[in-house]
Structures are given as C-alpha cells and as structure tokens.
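Residue numbers (the working numbering), protein chains in the order written: chain A, 1 to 334; chain B, 1 to 334; chain C, 1 to 334; chain D, 1 to 334.
Among the hints, erroneous ones may be present.
Because identical chains share one entry, a pair is satisfied inside a single copy or across any pair of copies.
Derived pair list, reagent style DSSO-like, types lysine-lysine, alpha-carbon separation capped at 27 Å [unchecked claim]:
| # | residue 1 | residue 2 |
| --- | --- | --- |
| 1 | 228 | 83 |
| 2 | 165 | 184 |
| 3 | 184 | 228 |
| 4 | 61 | 207 |
| 5 | 207 | 62 |
| 6 | 64 | 83 |
| 7 | 38 | 17 |
| 8 | 112 | 25 |
| 9 | 228 | 81 |
| 10 | 64 | 207 |
| 11 | 38 | 83 |
| 12 | 64 | 165 |
| 13 | 184 | 64 |
| 14 | 13 | 112 |
| 15 | 207 | 13 |
| 16 | 28 | 112 |
| 17 | 251 | 21 |
| 18 | 64 | 38 |
Because the hints were derived from the structure by calculation, they are not lab data.
Letter by letter, the chains look like this.
4 protein chains.
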Amino acid sequence: MARPPKLIDTREKKNRKLTRKDVQKAAKRCSNWGRWGKDDELGTLNFTTPADITAAMQLVKKGKVMSLALNYDERGPQGGKTKYPSLGRFNPIHLMTRTGTDAYSGVLDHRKIRGTDDLVIMGLQSGTQWDGLGHILYEDYMWNGYDCRNVTSAGAQKAGIEKTKEKMTGRGVLLDVARAMGKKALPDGFAITNDILDYTEQKQGVKVRRGDYLLVHTGHIERCFASKSWDGYPGGDAPGLAFETVDWLYKREVAAIATDTWGAEVRPNETEDTNQPWHWIAIPMMGLTVGEIFWLGDLADDCAKDKVYEFLFVAPALPITGAVGSPVNPLAIK
Amino acid sequence: MARPPKLIDTREKKNRKLTRKDVQKAAKRCSNWGRWGKDDELGTLNFTTPADITAAMQLVKKGKVMSLALNYDERGPQGGKTKYPSLGRFNPIHLMTRTGTDAYSGVLDHRKIRGTDDLVIMGLQSGTQWDGLGHILYEDYMWNGYDCRNVTSAGAQKAGIEKTKEKMTGRGVLLDVARAMGKKALPDGFAITNDILDYTEQKQGVKVRRGDYLLVHTGHIERCFASKSWDGYPGGDAPGLAFETVDWLYKREVAAIATDTWGAEVRPNETEDTNQPWHWIAIPMMGLTVGEIFWLGDLADDCAKDKVYEFLFVAPALPITGAVGSPVNPLAIK
Amino acid sequence: MARPPKLIDTREKKNRKLTRKDVQKAAKRCSNWGRWGKDDELGTLNFTTPADITAAMQLVKKGKVMSLALNYDERGPQGGKTKYPSLGRFNPIHLMTRTGTDAYSGVLDHRKIRGTDDLVIMGLQSGTQWDGLGHILYEDYMWNGYDCRNVTSAGAQKAGIEKTKEKMTGRGVLLDVARAMGKKALPDGFAITNDILDYTEQKQGVKVRRGDYLLVHTGHIERCFASKSWDGYPGGDAPGLAFETVDWLYKREVAAIATDTWGAEVRPNETEDTNQPWHWIAIPMMGLTVGEIFWLGDLADDCAKDKVYEFLFVAPALPITGAVGSPVNPLAIK
Amino acid sequence: MARPPKLIDTREKKNRKLTRKDVQKAAKRCSNWGRWGKDDELGTLNFTTPADITAAMQLVKKGKVMSLALNYDERGPQGGKTKYPSLGRFNPIHLMTRTGTDAYSGVLDHRKIRGTDDLVIMGLQSGTQWDGLGHILYEDYMWNGYDCRNVTSAGAQKAGIEKTKEKMTGRGVLLDVARAMGKKALPDGFAITNDILDYTEQKQGVKVRRGDYLLVHTGHIERCFASKSWDGYPGGDAPGLAFETVDWLYKREVAAIATDTWGAEVRPNETEDTNQPWHWIAIPMMGLTVGEIFWLGDLADDCAKDKVYEFLFVAPALPITGAVGSPVNPLAIK
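This is chain A alone, in the form it adopts within the complex (with noise of 0.2 Å):
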C-alpha cells in the first residue's frame, strides 16, 4: 500500500493560494446545471436508482442500527467563539406548552386527559444537519441556475429540501481519514486532498460508488466534544475537504456528501478571496446536497473493529415547505 500522502495545512499563509480565477473554472467544470432537466430541484440526489437502494439493502447484515445525530439542545454546538465573524445561528430552544408538573398540580383534569407539549425554536443549520441545494448562490443564481431571487423572506421557492422527502436513501460509505492517517482526530488547518480520499479508499478496501451517501470522518467534533467546550468548531478553523476534491466528487457521482465538522471544507480556507469557496461549487453548481455536524465517531469505531466501510444510510429531511437545511436524524444501519 501507498505512503500516506503529505499533510497541507492552510494555517500557513503558501497554502492559501486559490484565487478567484480558479474558483470560477471549477464552477464551469463541475456544473451539473440542466443534467436533469431545467425543472430539477434534487441535483446529485438523482445519481441514486431504485437498484442501488434494493441493492443497499443486502448490506445489512447486523441488523445494528446507529444514529449520526447530536441532540439538539441548549448546550452546543452553536454558541462557540471563533475569531470568524459570527453567523448568528443560537442553539435549539425547547419549550413545554403542557407539562407533568401541570398534570401533578391538577391545573389539566379539566380536559380528562394528563397530556404533555412541546415546541421547538431551531435553527436549520444548528446541529446535524442537512444544506439543501438553496442553501449557498453563485452570484445571482442558485442549484441549476435558478434566478437567486427565488429564496426570498418567504422561503425558498425552488429546490427546498421538501422536495428531497423521498431520497437520502442508498448505500453510505464511510472514509475515516482520520484512522487512514493515524491520528484520532485530524488538526485544525488539514486539508483533505483527492490523494487522501483515494488512499483512504484503498487503505479501507471499499470504493465510493455513483449514487453513494459519502460519509468522512475527521474526528474533529469529538475532539471538541471531549474538550467540553464548543469554542473553535462553528465556523471555526477545522480540518476539512480541499477545494480540489469539488472535481473527485463531481467524477464520483455522489448523492450527497456529509462530514463531522461545522462546515466540510478545510478552514481557514485555501484562499481570502472568498469565503468557503468548496460551497460555491459543491451546492449551487454541482447540485450537491452537503450534512455538517454529522456524529460520525460511534460509526467509525463500529467500521474499524468490523473493517466494514459500507452500510445502508437513511436520513430523511424534514419536509419543511421551502426551507433551505433541515436538521436530521441519520441512520447507518449495517
């Protein structure tokens, strides 16, 4: 097998080179606007087919089911501080409407029932989570070339993530980069080349496939979880995919692509120009549904001990008419 391949850290100022220039070929390069008809609002989503579904379901042999989610509540990850200007995103805020200390005082016999509710103040992009195709423009247009005026006040009018209601379904792969390169957790800075997902691929003997729900593991929120302090990881510097692997992803053909870390891509960036130039590809231009804030480390143990990397992923949206991210529960089940 092949040497792990070098390490570039975007904490130092060489490796922050990209330029706008380069940013915009690659949008040329890996566009998929009009690959599914000028009407599609599901992008890589398509990439999956029944048979691939049918067929994920054979891997199946545990009957072992893992939850990818953090719980959404009060105590992170969102409300770090990182020297990036802030996004102004809070942490899920969860509110009874009817309570069992109601019910104990007497205050709901009235109705002859002793019932509990409950609502929730959530940010889409607050926890695990899915980006929908609406999530990030280029320039003035989004997924397909969509007029970007079409995600106004009263939500997105084209390629919500209602619309993916029935996809994130399939067969999931998990490259754990942070086991293929030794470390438990990646650093801060490391950016996740196309060499290092191809020597991953290796390393783990599996093969990201067309139509794959492509899980990458960094360690990086357990590292911060340990840490007992979420400071550093909403939009902080963090490992990350190189903006080179927007071309391994367009060549491999994903459904969708989902990682441990607040935002995918390597940060600092590999470039000030732009901010997370990955997204200005990856999203609107490639069609690439994204998962950030994923729980990827119980999985990574499980794939480590049984050296099994492929497994049934589903991880349904909710269908909020509109909407640009959801959060989600998603599930690997080998």
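Using the hints provided, position chains B, C and D relative to the given structure of chain A.
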C-alpha cells in the same frame, strides 16, 4: 373470507358507554411497566430485534421510497376549527435569516459568500409526528411508573424522544382498513375494532407480528386535504382505533403504531368520562410510541396495486433532548 | 355648526378612481425628505418640541391613565379570515420556561428560589403597534431617501424603531370621527376625508397642531371585538383615512397618527392600482410613524363624557434594534 | 451631613449570615396580602393615586425625555458567563418576514405595496424588564396568597403583567447610590443598606414617598457595557440592595423599584440557604413590582448636573396576557 365486521359509530350515544373502571382495568391488563427493567425509557420499541431489522431489509424489492409526511408549513393541519376545546397548537413558522434577495441586493458580499439560512418554530405535535412516551401520563405516572413530575418546563427528564434515536427501523405493515371496508375514507366516529383489524389482515393476507411498525390507513387525512379545509381535523371527530384495540396491540407486541388521523383513536371517544382513553393506556401503561398525522394515501395505493402490505419502515425522530414528541419524515421502502 | 360632510364609500367602484399618477404627485407634494437633514431617522417625530412636551403635562387634570392596547394573546386579532391575501401574521405565542406548577411539584427547589420565567414569539405588527419608518418603502427608497436595501434579513440598518426610543411623548388629540358622524362604529369602506377631520375638530372644539399625536376613532375594533370574531379585521374592509388626508397631515405637521383599525387607511382602497396608497406616502415620503390596532373605545367614551379631547400621550416603542415596528402599550393620561 | 455609611461586602463569608428564619420573619413583617382586598392583582402599584400622577406632571420642566432601556438585540446582556448555574435565558432574536431586499428584488410587487414585516422571539426577562407579581413565589403561594399553581404552562392565571396596563405612571425618584458613595460604579458584592438609602436621600436632598417609582443607580450596567463583555452580569456577582431594604421599602410604600443590575439585590446574597432572598419577600409577600436591567447612567448624569432627582416616570408594560414579566422602554421625563 368472513363478512366485514359491523360498523360501530361513536357519534351515537349508545356507543359511548366505556367507564372509568374499564380504563383502569385495561391499565392493569396492558401494563408493560418493568418488562424491560426499571430503567427502561423505550417501551415497546424494545420489541424489534436486530434479526427483525435484517429481515425487514429483504422486503425491499422495488427500491421505491415513499414519504409518509405532510409537508410542514403554514397550510395546516393546525388552525382547523372544531367543536372541541383547542390545544393551542399552531402550524410551523418557517423564517429566513439570510436570503437570496439579500444576496441579489449585494448586502451579503462583505462575507465573501452568498449563503442563506433559516429557522423554524414548530410545535412537536403540529404535523406528522411521533408521540413520545412522555406525551401522555396516567394519573401521577409516566411510562414505566416514572413520576410524572419528570416532565417539567425544562422537558422530559425521563423517556425523552432523544432516547429513541437508534430505534424506529423495522418491518412496516399497512392495514388499509378503509379499503378493506370498501371505502375511500372511513366516516367520522367509525371505531376500528379488533375484529376489523383481524378482518383487514385476513383480507390483505398479511399478519402483524412482534416488533412491527403498524400503520393504519383510514383515509381521513386525504378526505380533509381534498376538501381544502382542515376544519374538523385537528382534535375533531374522526375515524380511529376502538378502545379495545389496546388489548390487540398488547397481544401483538407491535413496536409502534401510526395512523393518518390527528389522534389515532376514534372521536368522539367511547366515553365522556375520560378524554382519549386509548391514549391513557397505550402510551404510559403499554409504553407504545404512537405516530399521528401520517400521510398514508400514496402508500395505500401502492400496496393495493402490488398486493404487498409489508415493507421496510424507517422513521427516525429528531433527538431533541427532553422532547415529548417529534416531527418526522417517515419512510416506507418497498 | 356645519352639516356633516358626505359619506364616501369605497366599496362602490366609482370611489376607486385614484391613479398611480395621483400617488406619485402626492409623493412629491408631501415629501419631507431632507427636512431634518440627510441623516435623519425620525421623520415627523421631530415636530414635537420640549416645550410641547412640557405643555402637554398641563393637560393632566384627573390623574387618569388609560391604556390604548389590546392585550397580546392568542385570541386575536390575527387569524381572522378576509378576502384579501394573508400576510402570514399570527397572534403572539406566550410560553413559560418555569412555572408555579414546577414550583408546587418541587422540581425548582434545587435552585433555592421558586421563580417563573416566560418568553414571547410575537409579530411586531400583530397587535397594537407602531409602524416604524422602515415598514413601508416607496419604489427603491425608504424614509429620507435611504436605499431600501437597508432593510435586510438582518433588520433595518436605517430608521429602525429603536431610534425612536426617546420620542412618542407629547400632546395627544382624539378625533372621534365615529361619534361626530353619529355612529358607534363607522361602516367598512367609509373614507374619512379632510372635510370630516375638519368637521370633527370643529364639533369637538379642538384643534390638531404641529407635534401632536393624533388618534382617530372609528369604532371598528370595538365592533369586531363585540362580534367575538376577528374575521374581516386583519387586512379586511374597514373604515379609514381617505388618501387625501396625507395632505391634511402634511399641513398639520402631526408627530404621529394612530387609529383603531388594522391599517389606518380606508379599505377597499381608493384604487386597485396600488395597495394601501396612503401608506406609500405617509411612511416613506412624509416620515410619519403610524399606530394601528389601537384600542380607542374607552378613551373615546371618557372624552365624550368630559368633552376634553386632548391629553398627555406616552407610547414608547420597545427599542428592538433594527425593527420596522413595535408592539406598544400606549397611554392617554388625562 | 453625616459621613457615608460603612461598606458591607457580601463576598466576605462573614456577611452571609442571613438565615432561613430571618427570611420567614421578614415575610410575615412585610406582607401586604389582603391589604387591597383578596382579589387584588396589583400590589404596591396601588399606592400611586390619581393626585400623585397629576402632581408628577408638574415635575416636568425641561421637556426632556430619557429612555432607560437597553436596546433589545443579540448583543446582550444574556449569554454572559458566570459562576452561577444558568437560567437558560437568551438574547432577543429579531427576524424579518419581508425585507427591503425582497422589495429591491421585485418579489413583493405582486402585492402592489412594498412593505416589510418582522417578529421577535424574546425572553420577557432578557433585557430591561419588569418582574411581574407572578415571577417569584413564596413556598406554595404567589402574591396575595394565591396558590402558586395559578402559574401554569398556560401562563399566570392571577397577577399577570397585563393587569398592570394602566399603572407604571407616577413620580420617579433616582437614588444615585454610586455617586453618593463617591464611585462611578459600586463594586460587586456591595450591599446597599437602609442607611445608605437614607444617606443618599439626604445627600441628594430628595425624599422617597408613598406611591413613588424608585430607581437605584449602582453603575453596574455601565461598567459591564464599557468593558464590552457581559460576562458576570446576568446572574453574576453584583452590587445591589441589602436584604434589610425590604423593610425600608415596605415602610416607604413605593409603587415599584428598579435598578440597573440583573437582579436588584446584592450578589453574592447574604445567605447561602436561599437564593435571592430579597426577591422572596419583595415580590410575593410585599407585592412589589421590580424593574431590572434599567439603563440609569444617562439619567444619573442629568440629575447630577441639574441637582433634580425627581421626574415624571412612565414605563408601561406590554400587556401580554398571563405573562410574569415584560420588556419595557421606561421613560424618565424632566
């Protein structure tokens, strides 16, 4: 095949003779308290074994994914008027915190990325939903005999919905009671008895087994949806499970049940002494997780066509810490 | 005294002849842009001088404080149905985060204090409210000629309601148009013309002056409240100010105006070309802060009794940074 | 003039000797239960008479309106870290539902008006605020001896803040304790004793009377604001009223009191047995409405300049039905 069982209509006074004592007896008869240990917070979800999950995968033949969720938006089903006192529930409020119109207007460009964000304010019982084990109390108790004061304004300290995060996967079975009874939609006040469940099984040639996720189709939600008004739906009269089905479900040992109505059981209830007596038994005594407002029409049509009433069911709750319910995008995969 | 002016009913087609050109001319005629400098964010609130405030204090003779606010709760006035498209506004949602039932149940005692807490989710235009100067735009402009793109998803960067925090105090004058016209409540579609305003002043023996807070009583809100249904109130047909009153208000130099209707101006509007044409002029061109859904009935009764139509008016907006409106508990003190 | 009273610093253990018994005695001694009848829901707000209100108007000489509110936004003061357990309060979340960028983008024009709308999600105790009489309970009771179970998840059925809607107007008196003690801001743990209140009155040449709205300036909020961090402010150590001031306030019969700190009374408290013992007496026993997080610095400067410490005070709560508190824009008018 047997003749269809007789209709029982609870809108007639004579069919409202259930007493408080009957409810108490059923509470005793159908209790699962302690069955999975004194610390259990999952109830009947425990019935599904890894082997059941693996077996359920084999039911997928077509690779067809069907969502059983109504979209979450301001169009309903909350806000419909009924003769019963309101529970104060409201439709999801989806709000944007950054938009494509902001992007178009150039006001986001200082961030060097054009992204949108959103949030939702959502009653956890407002649309397609799981009722968790903290949602209904029996006297001063919740599931497994926990003190009802465990559900405070700070949420459910016991049996919160987040505990189910690795459940909700297994064999799904649809009992299309509406079709079995020769109707598109059952009328309001129509009580689905144990005989009717047996009859529907027999007619469909399917058997509900331990650990199954049972879906009961009444056609009620499609009837309301087609009428373009939700008046009467949330909390109003409806077809639904007869009280006696608590015994049927107890015996069959299903993992969970879901219907296409607002409240699973028949309305008016079979008694005026208690409100929703079936809930009193099913949730806190039996430990049964209950799905409501499921969109079962398309699945029912598909099953009627291919005569296959079993499928893989995956319907992960959002793990909102301390929640007594959860919105859900349930998937039936055939 | 003059005879009462003739009724104009905009439900009749012939009274809907206002053109876009008329609106444009009024925009020019009634513009206060630049009047208080190019950086002004207060508009006509500038009219009230310290001397006016001191003088207003002398109007208080009885020490009687009257609230002009409808309570904020789920009972209305939002949710009422109308024939016009909905604005998506909803009634305030008040939620408890700690309760007396929690206290009674003993679950708060670890804090060594039994306290309760609460929060509200509230449309700033959902009840008794000030429309701030960012609430209505004229073409691509807001008040004082600011670019309308100053009101982004992040709020109003110019003329936010918080700028008014030391305003909203002065002489209040009630024009009880309903009583002057011999009615308890004016009918829907009844346009209050300049002649009617003059006539009411004359009949009441009061004169509206520069810097005043003008309250116009139509009786509409009491009519709806008494009917126990808000259908027709939010956004529906209503009595209200004729378009021509923009000139009257411009000339009189009032600080602000408030009415007891949902939208101040007559509905149907006097044109079908523009929606709420009076708003187009009053707010962005004239810089007039507008109060709506004020509860004026009790004040009107009091004024009718003591024949005194002037009083101290104090109605501070909540200084929510970047807000385009604010709920308010306006006080008339006599 | 007397020498300034001695400093008592509750950060020293020896100053934390208040016992539960002391609190119980004060509860008895300072109780106003029944004073205004068994149905009273206003407490000490009853002290202000119409004549007091009329007299207060005469205090206005300059026509100068000063707001005592901190703006409501995401910048604070919630979210500051302290060593005490968090109360889960968060800063106001202001959201737009229609924007100027929507207008600019042309997406609103089908409505024939370019308007913006917004909403807020706001803890009623999150910023400048009134604590209503339902906010603190004494054992199983609330103000006037009402059962504490009147404050349910559905809100306060007794003594909700909406009951005060025609109160909160009267003579305001500022006691600038910080200046009287020769400081810009009192240090944390500094207990304001009865002697200090008397001394400040004497030094300022003003007397607090029955029915007054008493404002106590410690400089704490300006100190935090100037430091650009709210760490330590919400719930942390602070200067504030000594426990014994409940007797002073009881005797003086003030209508309400407000301070510029998070919690009115000194922190650390004078005991470890109870948390916020002053609150236990002031709110449920005495029926005293308490203002917190008031911005008193500008008013204090003005008073120091003109040597006038009395003024018209108008601070109407938002009448949110069943609320235990309210945000407020309090006005001091001189």
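Taking the hints in turn, this is what the structure says about them:
1. 228 <-> 83: both (19 Å within a copy, 16 Å between copies)
2. 165 <-> 184: Result: close only across copies, 25 Å inter versus 35 Å intra.
3. 184 <-> 228: within (17 Å within a copy, 38 Å between copies)
4. 61 <-> 207: both (19 Å within a copy, 24 Å between copies)
5. 207 <-> 62: both (21 Å within a copy, 24 Å between copies)
6. 64 <-> 83: neither (40 Å within a copy, 42 Å between copies)
7. 38 <-> 17: The answer is neither: 35 Å in one copy and 43 Å across copies each exceed 27 Å.
8. 112 <-> 25: between (66 Å within a copy, 17 Å between copies)
9. 228 <-> 81: This pair counts as both: shortest intra-copy Cα distance 13 Å, inter-copy 15 Å.
10. 64 <-> 207: both (22 Å within a copy, 24 Å between copies)
11. 38 <-> 83: neither (41 Å within a copy, 36 Å between copies)
12. 64 <-> 165: Answer is both; intra-copy 24 Å and inter-copy 12 Å each pass.
13. 184 <-> 64: within (24 Å within a copy, 38 Å between copies)
14. 13 <-> 112: between (68 Å within a copy, 18 Å between copies)
15. 207 <-> 13: neither (33 Å within a copy, 65 Å between copies)
16. 28 <-> 112: Only across copies: residue 28 and residue 112 sit 19 Å apart there, 64 Å inside one copy, limit 27 Å.
17. 251 <-> 21: Only inside one copy: residue 251 and residue 21 sit 21 Å apart there, 58 Å across copies, limit 27 Å.
18. 64 <-> 38: Cα proximity of residue 64 and residue 38: across copies only (24 Å, versus 40 Å in one copy).
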